[in-house]
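Asks: Sequence:
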Amino acid sequence: VLLVSLIIWIKYCNSYWERRGVPGPKPWPLVGNIGSHFMGRCTLGATMREIYKRPGVRYFTQRCTKETDTASGRMLERMEYLNDNREHSLNVQHPRRNSKTCMVFVLSVLVSYSKNTFEEMTIQSGDRLGTYEGYPFVGMFRATQPVLLVRDPNLVTQILTKDFASFRNNEITVDKKSNILLGHNPFVLKDQEWKDTRHMLTPGMTNIACIFVKFIENHPTAASDGIETRALTKRFTLDNVAKTAFGVDGKAFESYEDISDFNKLVDQFLKPGTVQSIFIALTQIFPGIVNLASLSVVKPEVESKLIEIISDVLKHRRANNVEASDYLQFLIELSKAKHFGDTEITAHASTFFLDGYETSSLTLSFLLFNLAQNPEYQNKIREEIKKYELENKGQLTYDALHEMPWLNACLYESLRVTPVADVLTKRCNEPFEYTATTSDFKKMSVKLIPGDVVVLPYAMTTEDPNYFESPKKFTPERMFSKDSFIKGTFHPFSDGPRACIGRRFAILQIKLGTVSVLKHFKLSVSPKMKQPMTYIPYHIFNEPKGGWVSRLATVCLVKMFEVLLATFIVLLVLWYKIRSYYWVNRGVPGPKPWPIVGNLAEHLFGRKTIGQVITEIYQKYDEYPFVGIFRATSPCLLVRDPEFVNRILVKDHKSFYNNDFNIDKKKDPLFGQNPFVLRNQEWRDTRHMLTPGFTGGKMKDIYPLIVGVAAKLVKFVENNPSVEADGVNARELTRRFTLDNVAIAAFGIDGKSFESEEISEFMELANRILTPGSLNGILQQLTTVLPILRIALSVKMVPKDAEHRLIEIVTQVVNHRASSNLKINDYFEFILQIAKEKGLSNIDIAAHATTFFLDGYESSSNVMTSLLMNLAVNPTYQKKIRDEIKTVEENNNGITYETIFELKWLDACLNETLRFTPLFDIMVKTCTQPFQYTPDSSDFKKITVKLYPGDTVILPYSLLMNDEKYVVNPKEFLPERMLGKADSNRSIFFPFGNGPRTCIGQRFGIMQIKQGVAELIKHFDISLSPKFRYPPKLIPLNFLNEIQGGVWLRFKKIGN
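In the working numbering, the protein residues as written are 1 to 1056.
Accuracy of the hints is not assured; some may be wrong.
Okay, derived cross-link-like pairs now, DSSO-like style, lysine-lysine, Cα gap no bigger than 30 Å in a straight line [stated by the list, open to error]:
(1) 838 <-> 654
(2) 519 <-> 387
(3) 11 <-> 443
(4) 838 <-> 700
(5) 823 <-> 715
(6) 545 <-> 522
(7) 838 <-> 698
(8) 654 <-> 667
(9) 971 <-> 904
(10) 1053 <-> 752
(11) 487 <-> 473
(12) 162 <-> 482
(13) 700 <-> 823
No lab work stands behind these hints, which were simulated from the structure alone.
Note that this is a predicted model, so its numbers are computed, not measured.
Let the sequences and hints guide you as you build the complete structure.
Replies: The structure is reproduced here in C-alpha cells:
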C-alpha cells in the first residue's frame, strides 16, 4: 500500500505544472529535471541552462519513436545491436509499427547500459530537440519541488520590484532557534523580520565603507604578495571581515602555507558537517523535511566559538572604554538602542561571511581571471589608477574608486560573464497571476499561489543572445550603457527592496583588491589553471574546479557522498549492534532480534497478528517472569508474571504513568485530547474533568436514549429479508447500533444508521476516522510498531476532512441548543457545561465528544460482535439469558438501567467473551520513574530487572487469560467461570485496564452492549450463517482484534 501510495504521490506531484497548463519537461521520479546535477555531472545552473534553452530527454524519446530519418535510423540500429548482443527480452520493431515497444526499450537502455551510450544517443539527435524559445516561463522540478523557471525579463522585474510584495521572501528557510547566527542573516529572514533587520543594518553598511578604505590601503601584504589564486582572494577578504566585523586580526597573511585559526573557523562556518550535508541533500528531494527537523546548518561548536570571540572583544572595549571606527562598533551602538545581546551582535557580524568573504573573494577571483585573459583592459584600468592618483595627491579615495569607469565596467562585465550564482529563487507569499504582454513571448498566463517557488535565471539571461550581443565574449564597453539593458536581464546584486544589503562593502573591497594587484603586477593565466573553466557540481556558488588550495578543499563530492553513505551505513550497523544488546546488558533473557524488524517480522509482513507473535515468545520463556524483546528497533519488556502486572497497573502506577502512545496535539487537535493518549499532569487534569460525565447517575440519564436505539436495531433486523437465510454481517450491524448511540449521546444528533441499508453520512464520517483496513488504519498500526514513522509520515489519527466535519457538526449543535435554549440530559450537554466553566472552544468540545468514537463506537461494536458470535456457537447460553430477561421483566415491569446490570448470565457471557475473544492482545506502558522488580513467586526464576524512564513494558492481557496456569480449560467458552468471579484476579483479567488509568468509558460501553444483546436475544434465536467460517481468522495488521470477512449470523424471529 505504501509503495502504491508513493507511486501515486510521485505521479501526482510530477503533474503539478501540467495541471496548471504550464509547459515544461517531464520530470524523473525523485530527481525531477536535475538528475545530471544529482549524479555530479554538472552544476544546478548548467542543468537549468539546458531547460532554459531546450526541453531535454522527453522530446528526444518522443522523436526517436516517430521519425525515420538517418539519425534515428542509426540509433535504432544501435538499439537492435545491443538487443541482439545483450539478450534483451524486448523485440525492437519499426517505431511506426510499435512505438510503445520502442519507448520501453529506450527506457531499458537508459537503465541497463552505461551513461556513455545514452550520451552518444543524445548527441546524435540533440540538434533536433524542441526548444522553449518563445515561452515566458517553464515548469520544471528541482527534485520533487516544482519550480517555475522564468524566461520573460518583464516577469523577473515584476517579481523583484513591481510586485515585490508577492515575492518578498527568498526561498531558503533557516530555523533561528537551531541556527543562532545564520538565522539573523537578512538573506534568509522573512516578512516583517527582514524589514526590521534591514532597516536596522543599512546605515552601518553605508558609513563603514568610507572608514574601511584606509584599512585596506595600509594592509601590509595585500599588494606585495600578489593575488593570483582563489585561496589568496579568500585570505584578502577574510582579513577585511575579521578586522571590520569582528574587531580582530584574521592573520590570514602571516604564513603562505598555513591557514590561520580564524580562517579555519570561518571555513567551518560556511561548510556544513556530514549530518548537515545529508540533510541539505535530502531537502532537495523532500522539501517538507525542513519543517520536520530543526537541524543546525552551522555546527554548534563553531557558533559558540564565534560568540566567544565577539564577547572577548566587547569585554575588552567596554573595560578599556575603546571606541573603534569599524562595523562592530556600529553594532555595539545599535545594540544599546535596540536592546540585544552578544549573540545578536555575533549574528549580524556573521552576515559578512557570505556578503563580504565568500562571494566577494569569488567575484574578485573571476575578475582577475577575466583581466588575465584580456590584458588590454588591465592597461585601461592602470591608466585610470594613475589619473585618479594624480588628482588626489597619490591616494585613491572612496569617491575615486567609484568614479573609475573602466574598473566599474570590468567588474560588472565579469559579474555577467562569470556570475557567482546562476539563479535566484524566490517563494511566492501572495496569490499572483501573470500574462506575457511582449511580442517576444507566447500569450500565456500562470497563476501562482503562496508556497510556489520561482527561479530567476540570472546567468541564463546574461548569456542569452536575444539580450546581449556576443554574450560569451568579455566586453566591458557594453557596461557603459548598462542602464539601457532590458529590465530583468541583468541584476548581479538582485534588485528591488531585497537587493543585497552588503553590495557597497563587497564592491569596495573587490575594487581595492583589484587596484592593489594591477598597480604592481601584470596578470596572466597560470599554466595550472584548467581551461576551459569548469565548476564543482554540488557547490552552492560557481566554484571553479582545479587550481591550488581549492583543489584540496573541495574533493569530488561524488566520491565524498559515497564515503559519507558508507560511513552512515557502518554507523547504522554499529548502532543497531549496540542496540540489540540492550536487554543482554541488563541481564534480561529474550530472543535475538532481526535487524530493523526486531522480533516482530511476521507481524510486520502481515503473516500474523502481534498477539500471535507475542504468544510464541511468551510460551517459549515459560520459566521467566519477563522477557526482553524488540518491537522493530525499540526494546520492550514482555511481562509474564501477574504480580509484576499488578505492580505496574496499580501498586507502582506512578512509575508507569503513561500509555505508550504519542499524539501531537497540534496535528491531531481532536484525538490528541483523548485521556488514553494524554500524559502526566495533563492526563490527570483531563480525567478529573471528564469523570463526572461517566458516573452511574449520568449513565442512567443516557440510558433511555440507548433503549430507543436498541428498539431501532431490533426493527432493522426484523425488516432485513436475509436474516434467516444467508444471515447478516453482525460486525456491520453492531457498528450501526453503537454509532447511533455515540451520535445521540455524545454529539446530540441522530446518526440515522438504521434508516436504510446504505451507510449514513455520520457512519461514513466515523469510518473515515476509525474503521480498520483503511490506509490510515494501516499507517496507524505501523506507527505503533515503528513510532518514528509517525513523524516521518505525519500520520494523523483523525483525517483533516473528518476533523473539519466533526467540528462543523459540533458548532451547529452548540448554536442550535443556544438559540433554542434547549437542554438534554446527554453527554454533550455535560461537555457544554464544562465548556462554559473552563472557557473551552468548539474544537475542545469536538475533541471530548470524539473520545466516544474509541470508547463507545469501535471497541464496543467489536466486543458486541464477538459476544453474539460466541452465543451463536453456544446456544445454551442464549436460553439462559433469555430466561433471565423474562424473569427480570416480569418482576420489574420491563428492563431498567438498574436491572440491566442484574442480568448475571449476560454479564458472565460478556466477561467470558472479553477473555475468550479479547478486544486486544497487549497493553503497552512507558516507564516514568526508575523501577526495579524481582519475582516472589516460585513459578518463576529469581532474576531482577531495572527499568528507567523511557523503557517500554508490554502487558500480555490475552496471553495471561489463556494460560493454563491461571485458567482451567482456557480454550473453551465457559461463562460459568465468570459468575461472580470476574473481579477476583485483576492481575490476569483486566479487559478495561486496571488502577488509576482504567478505561473512563467502560460503564457506557458495558451498558450499550448489554442493552443491544439483551434486545436481540429477547426477539431472535441466533445461529451461525453458512457464509461464516468458524473458528475465525484475524486481520494481521490491525490495532484491535478484527475478524477477517466479518461475522455472518442468522437471526430467527421468536414468537411472543
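Asks: Are the hints correct? Go through all of them and say.
Replies: Hint check:
no., hint, verdict
1, 838 <-> 654, "holds, 27 Å"
2, 519 <-> 387, "holds, 12 Å"
3, 11 <-> 443, "holds, 28 Å"
4, 838 <-> 700, "holds, 25 Å"
5, 823 <-> 715, "holds, 29 Å"
6, 545 <-> 522, "holds, 24 Å"
7, 838 <-> 698, "holds, 20 Å"
8, 654 <-> 667, "holds, 28 Å"
9, 971 <-> 904, "holds, 22 Å"
10, 1053 <-> 752, "holds, 24 Å"
11, 487 <-> 473, "holds, 21 Å"
12, 162 <-> 482, "holds, 20 Å"
13, 700 <-> 823, "holds, 16 Å"
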